[in-house]
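Student: Use these hints to put chain S onto chain D, whose structure you have.
Chain by chain, the residues:
2 protein chains.
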Amino acid sequence: MRYELHYWPGIQGRGEFVRLALEAAALPYVDVARSPGGVARMQRVLDSRDEVHPPFAPPYLIAGSRVIGQTANILLFLGERHALAPRSDAGRLWTHQLQLTLADLVAEVHETHHPISASLYYADQRSEARRRARHFTGERLPKYLGYFERVLTANPRGPRHLVGGRLSYVDLSMFQVIDGLRYAFPQAMRRLARRTPGLGRLHADVASRPRVAAYLASKRRLPHSEDGIFRHYRELDQ
Amino acid sequence: MRYELHYWPGIQGRGEFVRLALEAAALPYVDVARSPGGVARMQRVLDSRDEVHPPFAPPYLIAGSRVIGQTANILLFLGERHALAPRSDAGRLWTHQLQLTLADLVAEVHETHHPISASLYYADQRSEARRRARHFTGERLPKYLGYFERVLTANPRGPRHLVGGRLSYVDLSMFQVIDGLRYAFPQAMRRLARRTPGLGRLHADVASRPRVAAYLASKRRLPHSEDGIFRHYRELDQ
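Residue numbers (this note's numbering), protein chains in the order written: chain D, 1 to 238; chain S, 1 to 238.
Isolated chain D (complex conformation) (with noise of 0.2 Å):
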């Protein structure tokens, strides 16, 4: 079975998440909204009033007969199948707890951006996002990066992945944030290298591993950019 992915297509966004998983993992998969006619293809699902599991907004991804959405959520169906993530309940949760964390963290990163609506232009809610991102810089990033070297410190099977003892779909994740901040902050990201240098080996570990490195530097993965969540704005970057 092939999976289908279905999800905005020119920008990196939210479906990288499930793009770095299903890559990482070697699972065959299309990126149906980047073919001819699949943006119609993708808004059909979402607008359907028959789709029994409709998904409120890309990414989802249809295995088979099922369509499911939420990043996170998808995620947790992947890491269950496909040993992206540990066996145990204990350890599923909380991968997915930290996944969940993540997720808040890429919405606040979204937010420096668009402040007042995602609906209105960057230069629309210019001051309000100047001002917003002082905040997030200065008391958010450093709280969730401080807190993710915590935990990669903390692992009891050593400070190489997030969770357990190989890596997990959340490895991949927080390689996508790391890589997303350092493009979007550089100034902030390397004023808080020194405090962080788990969270950066980590993302070096990452990208290297074969599987990775080889999509990395495939055409399918899309540069950075002012239209997805992570945007170098210089006025944001204090």
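A hint or two may mislead.
Identical copies look the same in the list; a pair holds intra-copy or inter-copy alike.
Claimed, not checked - With a straight-line cut-off of 20 Å between C-alpha atoms, the simulated SDA-like cross-links for lysine to any residue are:
| no. | residue 1 | residue 2 |
| --- | --- | --- |
| 1 | 143 | 46 |
| 2 | 143 | 119 |
| 3 | 143 | 107 |
| 4 | 219 | 200 |
| 5 | 143 | 154 |
| 6 | 219 | 45 |
| 7 | 219 | 63 |
| 8 | 143 | 54 |
| 9 | 143 | 92 |
| 10 | 143 | 50 |
| 11 | 143 | 8 |
| 12 | 219 | 208 |
Please keep in mind that the hints were generated in silico from the structure rather than gathered at the bench. What you are looking at is a predicted structure, and each value in this text was computed from that prediction instead of being measured.
Tutor: Frame of chain D, contents of chain S only:
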């Protein structure tokens, strides 16, 4: 075994979603931070350097030797253990997917009164709040509620429940969200009521279940207030 719920005393907040599940399933629990010294106990786990699974923020649940954080993750745990969600794999993930979508809505509600920073007073971000709330009540709220109404209507087991044929934790959370929204945005909610009759029925239905009704009438149920997530500020209810 008695569960320990750890959450800020004095407000419903995100803890209320867990509390409603515990109450509706008649599970023995203690609301730790509402007892003398309880906030310090809650804080100790959050700050602990030894805790292998430290939560990022309240609420968290202690279940024997396990510490479980993130509201939706706690409900996933309780749902599996106490039949507060369908047992099938597809039903279990679908319930969780809806819960995560409710969590997104709740986060957006919080942003209406704190669009710049949670660590600033409302008064210090009032004009931004007014702008944000206008987009929320005008675009986001109708989109979310329209979605949940559609899910309810499409439930093959009937529109009394969001998933399956009996009460699940996501029905309880939907009740809480409607309850909070009616408190915070009475005008906007009156306007939307006609288009979401199913959600109105679900709210009344959940509230009248014996255990829920007993809880709502008890002192354990705190009133909505301007310290919680759902706050009523007249100027934000447009």
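Student: Each hint needs a verdict: does it hold in this structure or not?
Tutor: Hints and how they fare:
1. Proximity of residue 143 and residue 46 under a CA criterion of 20 Å is satisfied inter-copy only: 12 Å between copies versus 35 Å inside one chain copy.
2. Proximity of residue 143 to residue 119 under the C-alpha cut-off of 20 Å is restricted to the inter-copy arrangement: shortest distance 13 Å between copies versus 29 Å within a copy.
3. Taking the shortest Cα distances, residue 143 and residue 107 sit within 20 Å of each other both inside one copy (15 Å) and across copies (18 Å).
4. In this assembly of identical chains, the alpha carbons of residue 219 and residue 200 never lie at most 20 Å apart, being 25 Å within a copy and 49 Å across copies at closest.
5. In this assembly of identical chains, the alpha carbons of residue 143 and residue 154 lie at most 20 Å apart only when taken from the same copy (16 Å versus 41 Å across copies).
6. Taking the closest pair of Cα atoms, residue 219 and residue 45 never come within 20 Å of each other, the shortest separation being 27 Å inside a single copy and 45 Å across copies.
7. Taking identical chains as interchangeable, the C-alpha atoms of residue 219 and residue 63 are never at most 20 Å apart, the minima being 24 Å within one chain and 46 Å between chains.
8. Only between protomers do residue 143 and residue 54 lie at most 20 Å apart by alpha-carbon distance; the minimum there is 13 Å, versus 35 Å within a single protomer.
9. In the homo-oligomer, the alpha carbons of residue 143 and residue 92 never lie at most 20 Å apart, since the shortest distance is 24 Å inside one protomer and 32 Å across protomers.
10. For a Cα distance limit of 20 Å, the shortest separation of residue 143 from residue 50 across copies, 18 Å, qualifies, whereas the shortest one inside one copy, 43 Å, does not.
11. With identical chains, the CA atoms of residue 143 and residue 8 are at most 20 Å apart between copies only, with a shortest distance of 19 Å across copies and 30 Å within one.
12. For a Cα distance limit of 20 Å, the shortest separation of residue 219 from residue 208 inside one copy, 17 Å, qualifies, whereas the shortest one across copies, 56 Å, does not.
When the structure is compared with the earlier hints, violations turn up for hints 4, 6, 7 and 9 and for no others.
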